[in-house]
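Novice: Put chain B on the given structure of chain A with help from the hints.
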Amino acid sequence: MRKRRHFSDFVEILLILVVLATILLPLYWTLKISLSPDKEIRSLPMKWGVSRLNFRNYQEIIFSYAKAVDTAYTFKRGLGNSLIISVTTTIITVFFGSLAAYAITRLKVKFGNVMTFFVLLTQMLPPVLLVIPIYIIGNKMGLLNTKTLLIISYIALNLPLCIWIMRGYFNTLPPSIEESALVDGCGRLGALFQIVLPISGPALFTAGLFVFNNAWNEFLFALVFTSDLKAKTMTVAMAEMIGRFRTDYGLMATSGILGSILPLMFVAFFQKYLVSGITGGAVKQ
Amino acid sequence: MSKKTRTLAAQDKRLGIILLLPAIIILCAVIVYPMAHSLWLSTQNLNVSNPARGREYVGFQNYLEVLHSSDWWLSLLRTLYFVGADLLIGIPLGLSIALLLNKERKGKGIILAIILFPYVLAPIVNSLIWKLIYDPNYGFLNGFLTQLGIIKDYIPWLARPTLALVMLIIANLWQGTPFAIVLFLAGLKSIPKEEYEAAAIDGASRITSFQYITIPHLKPIIYMNVVMKTILTFKLFDIVYSLTGGGPGGSTTVVSMLIYRESFEYMKFGQGAAMSYLLLFFVLILVIVYSRMFKGEES
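Residue numbers (this note's numbering), protein chains in the order written: chain A, 96 to 380; chain B, 2 to 300.
Careful, some of the hints might be misleading.
[Stated by the list, open to error] Label-pair distances were calculated between CB atoms; the ranges are:
1. A:Ile186 to B:Pro162: 41 to 51 Å
2. A:Leu178 to B:Pro162: 31 to 41 Å
3. A:Ser322 to B:Leu75: 23 to 33 Å
4. B:Leu75 to A:Ser138: 36 to 46 Å
5. A:Glu107 to B:Ile171: 21 to 31 Å
6. B:Asp13 to A:Asp165: 49 to 59 Å
7. B:Trp41 to A:Thr241: 16 to 26 Å
8. A:Gly207 to B:Ile152: 52 to 62 Å
9. B:Ile171 to A:Phe300: 27 to 37 Å
10. A:Gly296 to B:Tyr82: 37 to 47 Å
11. B:Leu75 to A:His101: 50 to 60 Å
12. B:Leu75 to A:Gly144: 38 to 48 Å
Derived from the structure by calculation, the hints contain no laboratory data. Bear in mind that the values here come from a model prediction, so they are computed numbers and not experimental data. Here a beta-carbon is modelled for each residue, glycine too, at the ideal position from N, C-alpha and C.
Looking at chain A on its own, in the form it has when it is part of the complex (with noise of 0.2 Å):
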């Protein structure tokens, strides 16, 4: 009996272990091929590590500058206008949305199940839907390649993400805890701010944490709404990259890199948010 459990487990080691390494080896390989000297990517047999490692792609995105105009300056530029666009997405649409679902839980305004069908709405809806019309708008408008046309979209496509995410979390919070201060007479306004929102962190994090991501990541409507380096985003220019003719690998597997770092920092020290926000809305139902 013992050996056999003995055996058990060590097959399903075995198992866990082919599981994570179907996962990292794909993200291995794309780190390898950035740090490879040039001449390795393009010569066979395959070999699984590098000579030596070689920065140069790195050094080449890193310090390009604006006379070159040539895809590693892009994608810098690209890096930069992403995260002014996630940032100012994260903290507008965090702060619109925590008012929000302040006011669904406990001013008793009845838009609880409105708000639900926009959740669902959101997710059901073919991006492209909305891509089409305002595009169209956006060109009357002359937004067209701006950051802000890309900040509203994408305040508007995580609105009901993240109050729903809040919502969830004042329903937790029971409603004495504002009672007092309501005593004191510091107003419905002054007991959300001061009281219901200080205490409100992990679930604000894990809202700004999910808001971030998808902004960062997004790549359809900034693809059609951006035409230079004014706007264009990180995917964007990745996505140019990877559609070329005559593709530059090393550069390419390192923008790759660096436009993961953030994402893959998150997993690695924000887990738990993470985790509780996949989860948070599947099994409470």
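Specialist: Below, chain B alone, put in the same frame as chain A:
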């Protein structure tokens, strides 16, 4: 109710509406209004090739044209093939891996973090990674399979019409399965241990307790996975656009790729809008069918 509390309630309500207003305005401006605009567009012929004629109302003509085109039905079939493969492989795979991990082990946190890696990456990064793996000359897949002695000649994975869609499905599963694993893990955690213990005392084997305890408890999670995977895969665009561009020979042109091309390469916004609504309609039908199926089984 005293007068004071009544005015307080009225104040609350007014404040509530003020707090909701920004969200409502944004959602109306960026989601509701564009949806209506899209619906209107789908009844117009914009005559992009002949701007002098301007646009004209054509009723359901765009919809009829789409429904009569083989391009539409072929791309819908490809999408359904994609969705089907994703469900039939992705859900059992996600459940198996969740079962494997559903045990207190050393390093469980690290394992879970690694499993989440693909989930947080941009779909475009996913394309980039698989482009490097599928590359016909220097890619990892050909190199690895040659080293193992499985293949002798390098295979152009994305250049063969029958293979390309399969390779996209694999790339998509790599990114999509972690979500299923996390959901299943949460579901498994919520099953009371006592039920398994009681079953073990009654002499039930692991397979029977899986069949009669695990699966029934996980039904809502399975449903959730089926719905989410269907919705996400129907929308799939990024990896198709950047890995194959819909080729070779149209063999990977899924619906959203077709809509993108009609709208932004041929500038046929009316047709694109009509197709988008048809796509939404198909997804809705599927979701309704699913909920009937799952509810029907319960009763």
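Novice: Of the numbered hints stated earlier in the document, which are not met by this structure?
Specialist: none
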